[in-house]
Amino acid sequence: MKSSSKLASRRRFLRGVLNGVPMVVGLPLLDCFWNDNGTALAATGAAPSPCFVSWMFGLGFNPGRWAPSELGKIREFGPELQALNPFMDKINVFSGFRAILDSKPNLVHNSGVYTLLTGQAPSAGVQHPPTIDTLVSSKLGTRTRFRSIEVNAGGAALSLSERGNGIVNPAEGAPVALYQKLFGPDFVDPNAAEFTPDPEIVLNKSALSVVAEERQRLMSQVGTADRQRLDEYFTSLRELEQGLEIQLERPAPLPSCSKPDKPQEIAAGSDIEVMRTRNRLFSRLIAHAFACGQTHVANMIYNHLVYMTRPGSANHHHLWTHEEPIDHRIGYQPQVALFNLECAGALADTLTALNNIKEGSGTVLDRSVVLVGTDVGFAQAHGIDNIPMFLIGSGGGRFKTGLHISAGGDSVTRVGFTAMQGLGLTVGEWGSESNKTARPITEVLA
Amino acid sequence: MSKNRKSRVVIVAVAILGVAIAATVFFFAPASSEKNRSLSGSAKMADASLRRLTDTQYRQIILDVLGPTIRVNGVVEPGVREAGLIEVGSRRASVSASGMAQFHALAKDIAEQATSETNRNTIISCVPKAVDAWDAQCGEQFLSQVGRLLFRRSLGPAESQAIFAIAEKSATASKDFYKGVGEGLSSLLIAPQFLFRWEIPQVARDGTLSLDALSKASRLSFFLWNSGPDLLLLEAAESGALDTRSGLREQVDRMLESPRLEAGTRAFFIDMFQFDHFHELVKDAQIYPKFSAQVINDAEEQTLRTVVDHLLVRQLDYRDLFTTRRTFLTPVLGAIYRVPTPSDKSIGMDRRWISYEFDADDPRPGILMQTSFVTLHSHPGRSSPTLRGKALREIFLCQKVPDPPANVSFTEFNESQNSEVLRTTRKRLEAHATAPACAGCHRLTDPIGLAMEVADSDGSFRTEENGVAIDTTGNFEGTVFSDAAGLAEAIRNNPVLPSCLVNRVYSYGTGRAVTSADRSAQATLSDSFAKNGYKLRSLLREIALDDEFYRVPPTKSSNLMTVQAKATKQ
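As given, the protein sequences belong to chains A and B, one line each in that order.
Using the numbering used here, the letters of the first sequence map in sequence onto residues 1 to 446.
Using the numbering used here, the letters of the second sequence map in sequence onto residues 1001 to 1570.
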């Protein structure tokens, strides 16, 4: 039996599914095309949603070896960013921004990165506020199968995506597992000629509803702190239900969507080759997930709190930053520089993956904005001044790109705040104490 | 405000207070029957507190409730370690969106396995009248039984009805009884009543707040077995026996004699020793070609076998774990330790473990020199006295080594270095500690860690590093030693060692960090632990029988309610 979505009401449709009647929905072919300018879907005229990536790496770059020497239009990167040359016109570089601690201690390898992600310098034993990606996903992620995707190229579950109250969105450490999650049996190809909802999903959703109906009664049983945790549980449950709901609807066609090949298993470990490979595979899957509308937000950790090694070398990246003296002839730590080149190369890999998927006249990277940050400005001393940060991609025309902006010690929060403003979040100010800002970096807002 | 209005306010306030007191007495009355409990019924119960199940608890419950044929094919959302224990962090853990997706996937997979043709007849005790339709009698019987074990109490009427309804709906739609049972089981496995441990207070005899009987059963069971209560314990709680001294003693003694105590003991030491980090452990394959996934598995198992044998089977002094020469080895570990062991071929892969005793003069006694500790606290490409010293102090002595300082001046360090390679770790550390801000903490960690340098990053034994003899001399809290055996002896004799275990065991059971308010109770427990010869089983029993263990710490609201309850009693 064939039926178009116009002929079957949603209720009738689901009842049919549940009763085992195969309900097949045909796809109007004209929906599959971009408009003449290649900027919007022909069927609706709507521009596709922007995507957001948080790409965090560890240990920064050698001071003086990354930012362009001139402000304004970028003509040349510092030596450690040479891998980013192909994307020069799509990158904004921010130098001179710092994490401001006020009277708090510097929690090494944490204060810098959490300040730029949460707007608040962290304190030991105090829960972090929500990270920027969760604020962004509350706008961009409500109508996708996954509100956000978290990955860690180090292979660990460690994640820098937090909802507040200690709720961490754990990361996938294995590309195969991410593939299964995104493109396994539950993936619905938006461009398939026919759509048959899975009756089991209807039942799964009903079972979740039974649990969700307990919310009010159970919430009334616990104290304030536990109520927040239970609230998180039910919020997560609701998101799972919404994800199932989306799987029951015929997805809008997305002409650039294609299912990627299943990645190969990756060896355990965190040597530079393994990490680069893992990051490449994650990046490709995320690019396809964006193109296929599975999510609009991704959190990627490259080597934050990871012992990145070179095969056969007793020292890892972190040890080198503390144990390698600065070579006075060249003015920097040469072994550390080799690892830093790897980080820039890995970022270039991610940008390449996003840029490789064409969408009309642009690419997935063009409709994305990638926030890049790190934990330190000078790793040897755990310094948190002049933390390297970038915004990459125009977010579908929302940002100007190709600029080097420098600040005389402004808080790193200005960069995150600018990203949120550009993506259209209704945020009047962001951050706390000296990191609070209401000043976007207007030079990069389109 | 007019006089009349003031009077009305007073009347309303008195009325509210009266209702509040009445409600408090009702809510906190000892709940011995299922209908009094708000979680399963309709009455409101204030200030229950929650602990989310850990990965090991989830697995153990599935094993205990559904049997060994069911596999947990995935990882539960990781917990956060606080005060040295993930169990303490479980009071803060919730369920993220991806964690929920994982719980859902696990629930579906477990339900599918349990209702598969292979397993259904052993797991589901009844047989439906027909497999292509819902059989309410059989389906509801199974879901009620399994629900009681998963929720750690009987399901309330509304809960039962909801679960039965979804099971029936699923069975009818799919024309498959077992699909329906699976959907019902899946709902139970994702419910917050299962994924969180609900600790519900009641007013104790002395007017303070204590756990109600079913919460007490649950605390006891997770403490000793790392799992939910069995039917006997649930019955003791529901009958009120667990609220009596003799009833509690009977259950505690039964549980301490149960084979399930081994699983509980293993879970505690996995948490205390931070063995969850084995998931992330890697070594450089070029530098350590012998190190493999099998070494990782065997290293963890070696220490757990040593602990169980020493503390439960032989019932020996906890402190002697640090000097014992008795352990268990596999051929893989034999290669790491460089000691002769029978090959896999000669003993068979299924019986790879042999008991082994190191020679009296071997410099690697005790669990600190086992592969588990030295590999977990090393870098991928080399050993680390600093990481080992820090871990020793934090894990076994409950001390906090400060985090590295920030904005340290490395000028002196940078100036003092030259291209000549410093050949031993001791020399490198001495050079690194030239920064005064670093030296303070390195003095706490490095001397004890350097004694363990005979164990390389992969655990293998060595006497030289880069052609230079390893210097293992040092000093721990005033005791001078010449090697790792001397260090082990010094650790073993340090009075902080057993009191740290008391601290960790107690925190593990209550899910709360020990604070200064617990100092007196902790001292009493430590004294008792000493008097009983530092035997783990006696410590567990002492804690499990102590009223304080079930006490609910006062909060602002619970203080008010306790006062009100006391006032009402009078």
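Keep in mind that a hint or two might mislead.
Unchecked claim - With a straight-line Cα cutoff of 27 Å, these simulated DSS-like cross-link-like pairs (lysine-lysine) come out:
| id | chain 1 | residue 1 | chain 2 | residue 2 |
| --- | --- | --- | --- | --- |
| 1 | B | K1175 | B | K1129 |
| 2 | A | K205 | B | K1400 |
| 3 | A | K104 | A | K139 |
| 4 | B | K1169 | A | K205 |
| 5 | A | K262 | B | K1427 |
| 6 | B | K1108 | B | K1175 |
| 7 | A | K104 | B | K1169 |
| 8 | B | K1175 | A | K259 |
To be verified - Covered stretches of chain A (in silico footprint by chain B; criterion: 3 or more residues with CB under 8 Å from a CB of chain B, positions within the stretch not fixed):
| id | segment |
| --- | --- |
| 9 | 148-156 |
| 10 | 189-199 |
| 11 | 261-273 |
| 12 | 352-365 |
I should point out that these hints are in silico values taken from the structure, not numbers from a laboratory.
All residues carry an ideal CB built from backbone N, CA and C; glycine is no exception.
### Query
Can you name, in rising order, the numbers of the hints this structure does not satisfy?
Hints 2, 3, 5, 7, 8, 10 and 12 contradicted; others consistent.
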